[in-house]
Structure formats: structure tokens, C-alpha cells
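Asker: The primary structure of each chain is shown beneath.
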Amino acid sequence: MTIRKTLSTAIRALRRNITRSALTVLGIVIGIAAVIAMMEIGKGSSGSIAKTIASMGANNLQIFPGTAATGGVSFGGGTSLTLTAEDCEAILRECSAVASAAPLVRARPQLVYQDKNWVPTFVFGTTPAYLTVRDWAQLAEGDIFTDADVRNASRVCVVGQTLVRELFGGENPVGKEIRVKNVAFTVMGVLTPKGANAFGMDQDDILLAPWTTIKYRVSGQSNASTATTATTTASSNSADTTYPGAASVFPAASSSSTGDNPMPPRFANIDQIIMAATSSDQIRPAMREVTALLRERHRLQPGEADDFSIRDMTESANALASTTNMMTNLLLAVALISLVVGGVGIMNIMLVSVTERTREIGLRMAVGARSRDILRQFLTEATLLCLVGGLLGLALGRGAALMVQKFLRWPVESSVEAIVASIVVSAFVGIVFGFYPAWKASRLDPIEALRYE
Amino acid sequence: MPDDLVKLHDIRRTFHMGEISVHVLRGISLEIERGAYVALTGSSGSGKTTLMNLLGCLDRPTSGEYWLDGTEVSRLSSDARALIRNKKIGFVFQNFNLLPRTTALEQVMMPLAYTNTGLSDRDARERAAGLLKMVGLGERMDHRPSQLSGGQQQRVAIARALINQPPVLFADEPTGNLDSRTTAEILEMFDRLNRTEGITIILVTHDPTVAGHARRNIRLRDGMIESDTTREGPPKEINHHRRVAEIAE
Ligand SMILES: Nc1ncnc2c1ncn2[C@@H]1O[C@H](COP(=O)(O)OP(=O)(O)OP(=O)(O)O)[C@@H](O)[C@H]1O
Ligand SMILES: [Mg+2]
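Going down the list, the protein sequences come from chains A and B. All residue numbers for the first sequence refer to my numbering, where the first residue is 35 and numbers rise by one. All residue numbers for the second sequence refer to my numbering, where the first residue is 746 and numbers rise by one.
Read the hints as simulated data drawn from the structure, not as lab findings.
Quick list of in silico lysine-lysine cross-link-like pairs, DSSO-like style, CA-CA up to 27 Å:
hint: 1; chain 1: A; residue 1: K39; chain 2: B; residue 2: K878
hint: 2; chain 1: A; residue 1: K474; chain 2: B; residue 2: K832
hint: 3; chain 1: A; residue 1: K228; chain 2: A; residue 2: K210
hint: 4; chain 1: A; residue 1: K39; chain 2: A; residue 2: K474
hint: 5; chain 1: A; residue 1: K150; chain 2: A; residue 2: K215
hint: 6; chain 1: A; residue 1: K440; chain 2: A; residue 2: K85
hint: 7; chain 1: A; residue 1: K228; chain 2: A; residue 2: K150
hint: 8; chain 1: A; residue 1: K39; chain 2: B; residue 2: K832
hint: 9; chain 1: A; residue 1: K85; chain 2: A; residue 2: K228
For each label pair, taking beta carbons as the anchor points, the in silico distance ranges come out as:
hint: 10; chain 1: B; residue 1: R820; chain 2: A; residue 2: R54; range: 36 to 46 Å
hint: 11; chain 1: A; residue 1: R477; chain 2: B; residue 2: R820; range: 16 to 26 Å
hint: 12; chain 1: A; residue 1: L57; chain 2: B; residue 2: D748; range: 53 to 63 Å
Fair warning: this is a prediction, and the values are worked out from it, not measured in the lab. The C-beta atom is built at its ideal place from N, Cα and C for all residues, glycine as well.
The shape of chain B in the complex, shown without the other chains:
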């Protein structure tokens, strides 16, 4: 399957706490193709966050292989993984993780500080402003987190995750802190990003409505995949996805 964006092979993650070893992920293998929209569900403590951290290159598996966009990343150095996180991964957190006392525009531009593109300051600003407009915050660029609602803060975080045009967006309970109306807003945004921008989305959720937006639903239980169901969604526009993915490269 050459077009798999994510490929896991027998991923295990064990935490050692003194004498005790906690086997949190116990052999996970899966493939996620480009342009997919995946929801990761499972009961609390089943290892969803642990898996997301591995997928997001924030953590390394105890054993197993992880291919991201054609590269085996589980054995890379921490600097190399930092580069991958910067270029290929967008991360959205449950608690937004915005910098305090920093304007929305600067939040969105922040990852560019660690990118070695010859992007001029003006271009960077333009790109960040464009993303903020896309998430519907064109009027809020100079607002600080304290001046934004939860949904708006999460949208700033989404814009930040997209600044380096990553092919994939990981979101660990992105709507966990939001009410149902704002949740709907954020989900609508994810749907649009997936459909029109061709961005692969993998999100963790406890909420069946949220999971319902995804076309594929992977359920974890005790560190293993309990079920993996794909719902027949609207016809995929593979060609369009590919084109956007290429632009994003």
C-alpha cells in the first residue's frame, strides 16, 4: 500500500514504574491512507492518548515500526523527530495550549520560528492571517487568549497546527472542553479541512457524535484494537486530495 500516510506494525509501549511494567499498547498494527478521517475511541485508560503521542512523534514505541509518509520515524533522533513534528504533523490539544498574553496572529506564526524555510516575515504574517481567516477569526487576529472564547481558542490552535501545511492533523479530544454548539463548529471545520484541503485527520473522542463525523472508527481496548470499522461516506475525491497533498509537501 504505497499511499498509506501512517503505517503501524506491532507497536508496543510499556511504561516502567520501578518494579512494575505497565503494558499500555500491546501490539497495534494499522494503516491509514492519505485523506482519511479517523476517530479513535475506547474507554478511559485504553491507551488512546499514548497512541496519539506515538503517532505525533512526541514519544517512541518500546517496539514496533511506525512509518509516517514513507519514513520509519520510531528510531529517529529527537532532533529529527522535532523536524517531523514541525513539517509533517499538526497537533490539536484538548486544552488548546495557547501561549498566554500572545496575539492570535503570533500564536499561529509560532511554529515557523523552528522552520528553516526562507519565508519572509511578511509572507509568514500573510500565511498566518490567511489561516485565521479560514478558521473564521479574520477579525480576531490581535486578540489574546483571554479575549477569546473556548471555541475561538481551539480554532486558533487549529490554525497554528496548519501553519506548516502538514499532511496530517492529530487531535486528542479536541472538543473535550467545548459545549455542543462549539463542538459542532469545530467539527464542521475538520470536515471542511478533510474534504476540501485533503488533510488527513485522526482524532480521539469519547463523544459518539464526534466519532460519527469520521469515516473510519478505530476502537481501542486495553491497548489493542478492538474494532476497526469504515463507514461508507460520500465518494472520495482521491485526485483532489493528492493534488493538495502535493502542494502541502
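Isolated chain A, as found in the complex:
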């Protein structure tokens, strides 16, 4: 029996009971649709995570003061004052695997421009190197502040796109003056848009200024309060000491007594250092080099715990990606189970069909069908059913994925592998679950089959 004849016989047989055929394939349709939708949504979200990781800076590393968090204890940013701007310079000087590094001082002040105000997600005091680290060096407007601005604690800043929109109503802010916690800053430049990060935070909702300015002019009262407290304690100590010679006992106190005179060497602690490895495979060496250098600089004894921690930027993003992957795989497993259930449905209906068509099978054998012809016919019917179901499921799954994209705004990505796999899987399901009924049909005895009522 030729393939063409087998096919046309199978199609004719399936068409003879079209409603049942349609109901039979429903399980496969739903199963394949679920698989396709899961694959497309899963691929879409991992694709968007990969994109976000890239936007966060692929080779980025962060150094935080304080020991690394263990268990449920999180990083206490600023709880220990171990990281300094000098550490950052030393890293850049001595660690060959580090391409660039910038200190970071965080603040959360209110910004005021004319009658508008805004509290940005990110206000960072840093150096111009920050943009190099973040691979963000191209500015949309104006310029980044200079290292001289950092030395002089100049009141200049660059702003992200969200600020331009929220504070300046979309007009070019370069040269304008804004007040950051009552300190007037001149806007020097505007950053290019970056979008959301892996945690959904708007990376364009940002203000960058020299770290010295943020530290001593803006957050002098709040964020670096530990430093201020230490200063006041020191000064009150010196005030208590009425004897003139006593000042020599606390040499640091006198130099840090005024906020207007920046950079007291001991208290130039910063909240974070952000740096970029020379390449992604240099991330581990960079971490080793930096750890060794900082331990030496902080005079830590062997066996003593690090008083800082280094975090791989991609680490958290990877954790996020793996969670997404796990969810996708779980849903995929459910979808595959539904496919198996669909296959069992096919088997069930094929068995019913074989019983119901016993006379037909007997007749076909009587006019010359060999048992392998019968086997092939029923196997073809089951496979054809599954393939048609697979194609319908493919269309349905793609449709569902597109709906999800349109209405839920989830990222969706079509995948050729998923399409090929679903076709192969549905054919496979047809062959596997169609085999037993087909085999049963082929083993019928023609005389008994003809006599079957």
C-alpha cells in the first residue's frame, strides 16, 4: 500500500466521523498550545532578563562595606565605615583585571526646580568614571563633570531622562539650576536612556554629582551621619578639654570640625565602589585581586573576616533568571503532562474506533489487506490526528502568547525549536499512543472480525 493511498484512506476514515476526530484531538491541541505558549513566554522573559543584565553593565562588580551577608542578614550599607575613596583609587592603580572603578555615595534628597519637586530613585555621588563602568559614557546633552569638580566638591550634576521629563517638563536642562536639599546645583549634562533594571527599577530616574559634593554638601546632615556624629563627638571632646595642649591628643578632631573644609582623610568613607572587570572571564580574577588588596589596605590579619563584600552584578540577575527558568520549566512540565493526557485520550478513542470498525477491518482483510496494512492505516490515522492537533495547538499557542504580549505586556519570543519540537512531539504522541490500538486491529482474525456485531 503506497503512502499516498494510506494517507487518503486515513483522511477518508477520519472525515467519516469528523466530530469525533475533532474532539479526539482536543487534548493534543490544548497540550501543544500550552507547550508553545510556555516556551514563547519563557523565552521572552529570559531574553528580557539577558537584555537587562547587559544594561546593568555586564562585567560590573560592586564592593560594599561590612561583612558579606549570611542567612537572612542583609548588607548594612554604611554600618561600617571601611570603604574609602582611596581604596577605589588603589584598586584602579593596582588591580590589573579591573578596567575602571568609581566610588559611590548614595543619598535620597528631594530635588526642586522652580515649582516642581521630585525624589529620584537614584542620587549618586561619584566620579566621571562611573559612566565608564556602567558603559554609559555617551551623553544625550552637555558633559559629565570632571575630576577637578570632584576635588573641589563643585555643585554640578548630570541628570537622567526621567528627571528631564518629571522636573524640567522635557526641556533641555543643561545650564539650569536645581536645588538638591537646598543646595543649588547646575545641570551640566543629560544621560542617554537606559530603561528598567532587572528588578524593574527605572535606571533613568537618576542624578549624578561629584561624590564629595553629595557627601559634604548634601548628605552631610543625614546619610553620612555616623561620620558627623564622630566629628561632633570629637569636637565636643575637644570643647570639654579646656586645656590648650589637649588638642594634640585628638588630631583628627580639629581638621574635621567644619563641613566647609572637605576631605578629612579618616572619614572619607563611601557607601560603595562600583567597578568593571576588563572582560567577563576576568570577573573572578578581579574579585581575587581586589579582595587581596583591600585586606592588605585594611590591615586584616589572616583568619579575620573581610570588612567588605564584593558582589557580582550578574549574580542577582542570574538568580532572577534562574527563578524565571524554573517557573518556565515547571509550567512546561505541566504542559507536557497535559500532552500525555491528550495522548491517552487519542489511545482511548482509537481503541473505541478499532472495536467499532471491527467489521471494516475484517472486510479490508478479506479483500486483501495484510495485517501490516491495517497496522499502518490505524497508526497513520492516529499520527495524522495528532499532527493536525499539533498544528492547531501551534496556532492556538502562538495566539495565546501574542495575546499575553498584547494585553499583559509580557515579553514574548517565538522559537523555531519550540515549533519543530511540538510537531515532532505530537507525531511521536500519535505513534506511541496509536500503536497499541493499531496493533490490536492488525491482530484481528478476518473471519471473526467479519462476524462481529
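With chain A's structure known, arrange chain B with the ligands on it following the hints.
Answerer: This is chain B with the ligands only, laid out in the frame that chain A set:
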């Protein structure tokens, strides 16, 4: 007898039902020449259907030899017997055995699906249409079984049995489900097939009128041949039969 189409030698068929053995055919030997028209009669349970199944290569004898068209077929594999059924045998059933919801034309073409001739789809259609015209259903080719009378259904079945131009047609009570008028129609068709196409016809019947159409009457009783009578019919046109048989090959 080189021109025997069917030759049985001491055919026995025993059914085993657990402990009990039922000897249904108990040594049947007979020869049927090409172009014969044979009626197989006998009381109910005498083994007619069992014998027909053996003759039609649907079943194998417990012992004995069966030569069909020069080949010993009782020891062939089931695939080989399927081929014989396809090529050399036409079978007509009492209950027609048509496929449900299938047009007459497709019913007739159905056996061709298992034939390895390079017959094109168009030729197959033409041949099936020709056969349907021959059995008088030229106007009913697209009808489904539910749209046909019993006699018409049986004629579709006859056309189907003839699609591969077999030399012999077996019919187990072909008119058992038909009224007397339709029976006459079917018998008239058998007569014509036998006379003008030279097809050997072997049919089982309980009806003496039907048996009367055959030239030879074999009567079974308890799995053995009770009587075998040949009636002098119209002069045989041996040459004509041979020619058609050759074409049919
Ligand atoms: N598969 C089988 N197993 C056991 N016994 C069988 C089987 N097939 C037929 N028989 C027995 O063989 C005997 C002959 O049956 P068969 O069908 O050949 O009779 P028949 O002459 O065709 O009768 P009828 O005229 O009623 O059709 C019966 O007694 C029947 O019970
Ligand atoms: Mg019978």
C-alpha cells in the same frame, strides 16, 4: 485435470474449544473447473460457511490440500493469502459488508488500495465506474449505503468483488437478506457474469430457486459431501471462458 480452478483433497477442519474438538469438515475432496457455476447447499450447521472461508483463503484447513489456480494455498503465510484474496478471489457476503458513509465508487475502489498495480487514480476510478455501470448502478456512484436498497447494496458489493478481475467469485448466501424480486435481480447478474465474463461462481444457499441457477449442486451433510450433481445446462462456451480468464489474469 489441469484446468481445475479449485481442487480440494481430503480437507478437514477441526475447531478446538477447550477439551472438546468439533470436527466441522471431515474429509472433503472435490474439483471445480474454470467457468463452473456451483451451488453449495446443506442443512444449517453442515459446514458450508466453514468450507467457504477455507475456499476464500480466509481460513486454513486443519489438514488436507487446497489448490487454487494451480497453487497450493493452505500452507501459505497470512500475507501471501492476503495477496491471493486480493488478486484471485472475489467475495460477496450475506450482509453486504459495505463501509458506512462511503460512496459506492469508493467502496468499489477500496480493494485497489491493497493492490500493487501501477493503476493510476483515474484508471482506478474508471474501472470502478465501469463495474458499477455493469451492475446497473451507473446513476448511483455517489450514493452511500444508507441511500441504497438492499439489492443495490449487494450489487455494489459484487462490483467491489470484481474490481481486481478475479477468476472466481465466492458468495455465502448472497441473497439471504433479499426479497424474491431482488434475489432474481442478483441471480440474473451472477448468470450473466458466469456466462459472458466466464467468471467461476460458487455460492452457498438454502433456497432451491437460487440453487437451480447453478449447473452443479454440491450438498453437504455433517461436514461431508452428501451429493454432487451436475445438471445439463446450455452448451458451455469453453473457448470464450478461457479467453476472459486470460484477460482477467
Ligand atoms: N470458530 C468456530 N469454533 C467452533 N465451532 C465452530 C466455529 N465456526 C463454526 N463452528 C461450528 O461448525 C459448524 C458448522 O458451521 P457453519 O457456519 O459452517 O455452518 P453453515 O453450514 O454455514 O450453517 P448455516 O446454514 O446456518 O449458515 C457449526 O456447528 C458451528 O457451531
Ligand atoms: Mg453459514
